[in-house]
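> Listed here are the chains, written in short residue letters.
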Amino acid sequence: MEVLRAAAAVLRKDLRGELRTRYALSSILLFALASVALVSFTLKGEALTPRQHAALVWVVVFFAAATGLTRGFVQEADAGTELLLRQAASPEAVWLGKLLFNLALLAAVEAVIFPVYCGLMYATVEQPALMAAVAALGAVAISGCTTILGAMVARARSRSSVFALTALPILLPALLLLVQASAPAFGAGGTEAGGREAALAVVSYTGILMVLSWLLFPAVWEE
Amino acid sequence: MAGVIAAAFLWSPPLQGLGEAGRIFYFHVPCAWVGTLAFLCAAYAGLKYLRTRDLEWDSSGAAAAQVGFLFTFLATVSGAVWAQEAWGRWWNWDPRQTAILMVLLIYGAYFALRSSIESADRRASTSAAYSILAMVAAIFLVYVAPRLPGLDTLHPSPVLPGNDPDRGIESRILMVLLAALAGFTGLFAWMWRIQVRVDRLFLRREQNR
Amino acid sequence: MTDGGAAAGEGRLRLQATDLGKRFGWRRVFRGLCLETEPGGVLVVRGSNGSGKSTLLRILAGLLRPTEGTVRLEPAREGSGSLLRGRVALAAPAINPYAHLTLAENIRFFLHARGSSAGESGIRSAAALVGLDDRLDEPVGDFSSGMTQRVRLALVVAAQPEVLLLDEPSHCLDEDGRRLVREIVETQARRGICILATNDAREAELGERYVSMDDYRA
Chain P
1 MEVLRAAAAV LRKDLRGELR TRYALSSILL FALASVALVS FTLKGEALTP RQHAALVWVV
61 VFFAAATGLT RGFVQEADAG TELLLRQAAS PEAVWLGKLL FNLALLAAVE AVIFPVYCGL
121 MYATVEQPAL MAAVAALGAV AISGCTTILG AMVARARSRS SVFALTALPI LLPALLLLVQ
181 ASAPAFGAGG TEAGGREAAL AVVSYTGILM VLSWLLFPAV WEE
Chain E
1 MAGVIAAAFL WSPPLQGLGE AGRIFYFHVP CAWVGTLAFL CAAYAGLKYL RTRDLEWDSS
61 GAAAAQVGFL FTFLATVSGA VWAQEAWGRW WNWDPRQTAI LMVLLIYGAY FALRSSIESA
121 DRRASTSAAY SILAMVAAIF LVYVAPRLPG LDTLHPSPVL PGNDPDRGIE SRILMVLLAA
181 LAGFTGLFAW MWRIQVRVDR LFLRREQNR
Chain Y
1 MTDGGAAAGE GRLRLQATDL GKRFGWRRVF RGLCLETEPG GVLVVRGSNG SGKSTLLRIL
61 AGLLRPTEGT VRLEPAREGS GSLLRGRVAL AAPAINPYAH LTLAENIRFF LHARGSSAGE
121 SGIRSAAALV GLDDRLDEPV GDFSSGMTQR VRLALVVAAQ PEVLLLDEPS HCLDEDGRRL
181 VREIVETQAR RGICILATND AREAELGERY VSMDDYRA
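Chains as they are written, first to last, in our numbering: chain P, 1 to 223; chain E, 1 to 209; chain Y, 1 to 218.
Note that these hints are calculated values from the structure, not bench results.
What you are looking at is a predicted structure, and each value in this text was computed from that prediction instead of being measured.
Note that beta-carbon positions come from the ideal geometry of N, C-alpha and C, so glycine has one too.
One should not assume that every hint holds.
Computed footprint of chain P on chain Y, listed as stretches where at least three residues anywhere in the stretch have a Cβ under 8 Å from a Cβ of chain P [as the list claims (entries may be wrong)]:
1) 102 to 110
2) 132 to 138
3) 178 to 192
Calculated pairs, DMTMM-like style, for lysine to aspartate or glutamate (alpha carbon to alpha carbon, straight line, at most 20 Å) [stated by the list, open to error]:
4) E:LYS48 to E:ASP199
5) E:LYS48 to P:GLU223
6) E:LYS48 to Y:GLU120
7) E:LYS48 to E:ASP94
8) E:LYS48 to P:GLU222
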């Protein structure tokens with residue numbers, strides 16, 4: 001309970017700061033929109049298969065997330081507020097608060113990216129409900145798997161490239177499965193059961209990594 | 001080691017359906033095995049570091065990763081050569097190729113992370129945690145990748161067909177393979193120890209400055 | 001370490017560090033440091049630059065793991081995960097408040113996250129104590145360095161810790177600010193434990209007992 005209260009305080013603080021500066025949100029969003037525009041421009045309305053659509057949209061989300069998801073911890077390190085946060089909240093609460101913040105950020109970005117992608121790429125979403133569910137699952141998976149990496153990378157130089165590099169192997173299983181799960185929503189017929197199975201696998205993978213992050217985070221966060 | 005190499009080329013019969021190029025098998029499989037083993041060793045050293053906070057474990061883990069990277073790279077290259085011979089393509093996203101690429105990626109990310117952190121304590125705790133996380137991801141991928149459609153494996157699934165009628169040739173293949181595995185594991189242990197000692201020398205020089 | 005004194009000293013606040021040592025990487029900062037302090041007098045930590053004053057304070061605050069030795073705060077409190085978090089507060093020049101939050105939001109966050117009930121009156125009085133009650137709703141990023149130092153003091157005072165650790169508390173402060181530090185230190189010494197790290201002669205005068213980090217040089 002104490003952890004939840006402290007995590008909520010961390011989340012509130014980060015949201016408030018983000019609403020005032022809009023640094024992370026704008027950088028992720030602009031990057032994502034630019035890459036969607038680039039993809040659509042270079043493909044010039046070529047008809048893609050549902051699986052290709054699913055793969056492209058998740059690649060865009062992954063790299064966009066890689067530009068902005070480090071923000072939470074990097075800013076603490078740069079602004080010299082890390083020790084204040086460490087005094088204020090337990091490592092678990094910090095991790096949970098940052099995770100929820102990243103989740104909110106990703107949800108906001110996906111809410112823009114998916115419609116824009118479908119509009120620019122003429123992708124027809126045949127099952128909007130399934131699409132929304134998979135998108136939400138993806139936001140949970142990406143934030144759940146990479147929040148601890150943000151804290152690691154905050155100690156490094158050339159952070160966003162190291163973040164993308166370290167996040168890719170960790171997220172690869174989840175991304176492969178997300179593509180699998182969202183393909184039916186773009187109209188890849190007959191694989192709905194496969195999609196459900198993939199979604200379940202994403203849930204279990206994210207669950208395992210979140211438990212592991214919870215256990216490892218204190219070792220990374222504290223000195 | 002020399003005995004193993006000689007046996008691989010001279011004593012062992014050609015593998016069924018693979019011809020003379022199949023002899024790369026005695027090189028490819030042990031390399032992949034050592035790459036995986038080194039990876040597990042690095043994760044174990046990471047766990048030990050987080051328990052003890054002894055920097056010796058950190059350099060031990062890094063040394064295992066360095067040697068492991070070399071072997072994984074060799075396994076990938078020898079695998080690609082063999083794939084070209086046997087399947088006609090260097091690379092075809094076979095699940096095991098995906099998995100080994102993943103392991104290479106993890107090693108790459110691990111080294112990038114290490115070289116970008118200056119403080120020794122932070123570098124140690126961060127790379128220890130990363131090696132553990134990455135190991136779980138790799139294990140998952142090895143089990144997940146084969147389930148994705150369009151990724152049916154070309155690798156034989158029991159690596160050695162067990163009920164071959166020609167037992168004599170069969171056991172010779174098995175013996176050479178086991179000897180190669182043992183030899184390569186020994187080679188790994190030896191290289192790991194040397195790498196640890198080299199790291200220690202560098203550290204001592206740094207301390208004395 | 002279990003000594004009979006734990007039962008005898010029931011309820012009496014006591015901070016005890018035994019045989020502390022710290023290494024960064026392979027570089028040793030200090031070793032063999034023991035100290036024990038109780039409410040009443042102020043303990044001043046002195047030492048030349050790089051001798052580990054700030055490091056010692058971070059260890060005592062539970063923000064840094066000592067390489068050797070232990071820190072204990074008695075009477076031990078059950079329940080909370082870390083031994084020291086929530087009972088100790090450290091203000092240091094390297095610990096900044098959140099620039100994008102206002103003074104009131106900074107204090108509120110610090111108290112909420114530590115799990116203490118943050119009454120608005122507590123926030124207001126902490127700000128008033130450091131003379132910033134008219135700037136409560138301004139972002140801290142707009143403050144001067146002296147005012148930022150006052151914010152650091154307001155944060156730790158608002159938390160009402162059992163152990164207050166101040167690293168160079170007069171950093172960037174004017175005469176009025178120095179009086180303020182004296183007041184904070186004296187109040188804390190009556191209520192709980194107060195430890196100062198400084199080489200400033202006037203700040204050091206506040207001390208009753210002294211530790212010199214140069215004695216524990218590795």
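> Compare the structure with each hint and give your call.
Status of the hints after comparison with the structure:
Here's how the segment 102 to 110 of chain Y fares: 3 of its residues keep a CB closer than 8 Å to some CB of chain P, so the rule of at least three is met and the hint holds. Only when three residues or more bring their CB closer than 8 Å to a CB of chain P does the claim for the segment 132 to 138 of chain Y stand; here the count is 0, and the claim is violated. For the segment 178 to 192 of chain Y, the assignment as covered by chain P is violated, since 0 residues bring a beta-carbon within under 8 Å of that chain's beta-carbons and 3 are needed. The straight-line distance between the Cα atoms of LYS48 of chain E and ASP199 of chain E is roughly 18 Å, inside the 20 Å bound, and the hint therefore holds.
Restraint check for LYS48 of chain E and GLU223 of chain P: satisfied, since their Cα atoms lie roughly 16 Å apart, inside the 20 Å limit. This hinted pair does not check out: LYS48 of chain E and GLU120 of chain Y have alpha carbons roughly 47 Å apart, beyond 20 Å. Only pairs whose Cα atoms come within 20 Å are accepted, and LYS48 of chain E paired with ASP94 of chain E is rejected, the gap being roughly 34 Å. About 17 Å separates the Cα atoms of LYS48 of chain E and GLU222 of chain P, which keeps this hinted pair within 20 Å; it holds.
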